[in-house]
Structure formats: C-alpha cells, structure tokens
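Use these hints to put chain B onto chain C, whose structure you have.
Protein chains in written order, with our numbering: chain C, 1 to 70; chain B, 1 to 264.
Wrong hints could be hidden among the right ones.
Here chain C is said to cover these stretches of chain B; the calculated rule only asks that three of the stretch's residues, wherever they fall, bring their Cβ under 8 Å from a Cβ of chain C [as the list claims (entries may be wrong)]:
{"#": "1", "segment": "75 to 85"}
{"#": "2", "segment": "205 to 215"}
{"#": "3", "segment": "221 to 235"}
{"#": "4", "segment": "239 to 245"}
If you are wondering where the hints come from, they were derived from the structure by calculation, not from laboratory data. Glycine included, each C-beta is placed from N, C-alpha and C at the ideal position.
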Amino acid sequence: MSAARRVALGAWEFVVGDDWRAAIGVAVALGLTALVATTDVAAWWIMPLAVLAILALSLRRAIREVSRRG
Amino acid sequence: MSGADLGLALSVFFACTVEAVEALTIVLAVGSTRSWRSAISGVGAALLVLAAIVVALGPAITSLPIDLLRLLVGGLLLIFGLQWLRKAILRSAGVKAKHDELASYQQERDAALAAGRARPGFDGYSFSVAFKGVLLEGLEVAFIVLTFGANQHRVPLAAAAAGLAVLVVVAAGFAAAAPLARVPENALKFGVGVMLSSFGIFWGAEGAGAHWPGGDAALLAIIPGLALVSIAMSRAVRRAVALASDEPAPASGEAAAEPASAGV
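If we strip away everything but chain C, and leave its shape as in the complex, we get (with noise of 0.2 Å):
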C-alpha cells in the first residue's frame, strides 16, 4: 500500500470512523438543509432531525450487528 493510500485510508478512519453511512447521511441532510433554503420554505429543522434520525438507525446497525454475532 502506498503511503498516500495509507493517509487517506488513516484521514477516512479519523474523520468518518466505522459508519460510513452516518457521514454520507450528514452530507445529505446538509445539502437538502440548502436546498430548501432557497425556498421561502424554513430550513432549520431539518438538520435536528436528520441528526436523531442517523443516530437512531446508526445504533440500531449496532444492535444488529451484535444480535448476530450471538
């Protein structure tokens, strides 16, 4: 492995870290948080609750996984 694989491989694990998928969803909350934005819409509210809601599906991936591990 070549030492800039290995960097961006160490920077993913520091930033995003073992649930890819609660980083892509931030990223999507954030960019549907700024397309609503441009409406007259209000768009504060959907960052709180996209934030519980990784969390809740982020904990429940956990639970999961070691239910089956047994």
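Chain B alone, transformed into the frame defined by chain C:
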C-alpha cells in the same frame, strides 16, 4: 465570554481531558518501567508537532468565507461528534467495551518490559511509545481545536482550554502516581459528543443557508434537546440489548441516570 465561547471552551476542555487521561496512562506505564527522561522527551516532541499543526492550519481555515467555513466545520463537527456520541451510548449499554485505564496501563507495562532492558541515557522505545501515544490521542483534540476554534475565530481560546486540560490531568496523574482510572471517561465522551453534534447542527444549517429562530439562542434548545434524546436512546439501546440476551432490563431510574455514571 459569550455562551458560544463558553461552549467552545468546555467542549475542548472535556475532550482534551479524556484524551489526556488515555495518553497519561501510556506515558506513566513506559516512564515507570523504562525511562522517564526519554518518555517525557517523547511527550514534548508530540506536543510540539500538535502545536505546529494548529499554528499551520489555523490561519488557513479561518481565512475561508464564513458560510463555507460554517458548512464545512458544521459537517465535520457533526460527523465527529456523532462518532463520540454513538460510541458513548454503545459503551454505556454494554455493546462496546468501556476503556479500562488500569488494564491499558498493565498492557503497556507488560509490552515495555517485554521489549528488553532500557538502555542507559536515551531509550528509543520509551521515546517512540510516548510520542505516538500523545500524538495519536492529541490529534482528535487538535481537530476539535481547529474546527471549533476557527469557526468562532477563537483558536487561541480553544488552544488555551486544551492546554489547561493537559495541565490538570498531568498534575492529577503525578499526584496520584497512577493512571486516572476513576475519571468518568464515558460520561465525558457523551457530553463532548452532545456538544460537538449540537454545534455541528447549528453551524451546518447556518452554513447551508438556514436561519435559526432566535439566532444563537437556538443553541439553548438544541444542546439540552439532543442530550435528552440521546439519554432516551441510551436507555432504549440498553433495553434492546437486555432483551436480545434474555436478561432483565435495568430499572428505569438506573437507566435514566446511566450516562452520568457511565465509565466511572
């Protein structure tokens, strides 16, 4: 000092406390078994590297346009904060093993003894283990100092809070002459996760163009709101794990108080 500054200082202080406790365990183990002088040199070198990272990247990050800075910092803080929060909840529910400072200390001591006798004078093993330990634990703090501090243009305040936490932990560690096993690491991680995620929600939404009702005062609703929901999630995870393993769930009062006592 504004409320946001206080939030910044407290978040950095507690995040740094957690990481400094873990780094102290490594330094104490290697210093007491091999060479104090070399271990402390490793600590000094790692702190210099961390300071250089903050000094080099701080001005570059603060020079970004404010909306882009808030969007980037908000997103990164949120991703990072959710990691801390998720792990703290899973640890408190017993899904992930809690960090055990005494076990880590013994493990580091065994490894240091197995590496052979320390050379007189400079001991490369002590230096490199202490250097790596402090650098790796400190990178998370440097990341928080840079993102959190840059967004409020208060990197010096964030760095001062981190420095104060290091001093407090080092003083406590040397006074106790042992790993700080009684520091409630998981409860601190839970609190830091809530703070980072809350500020991430706030800045991320602002950076994306949203306007919060009440402006900065919205944080006064976001922080306790997220904390309460996270405590409720912690209880739900505990119950789900107990059901999955056919064990009785803990009493509701015990579960509600759990994040505050987790890791003690």
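### Query
Which numbered hints turn out to be false for this structure?
none
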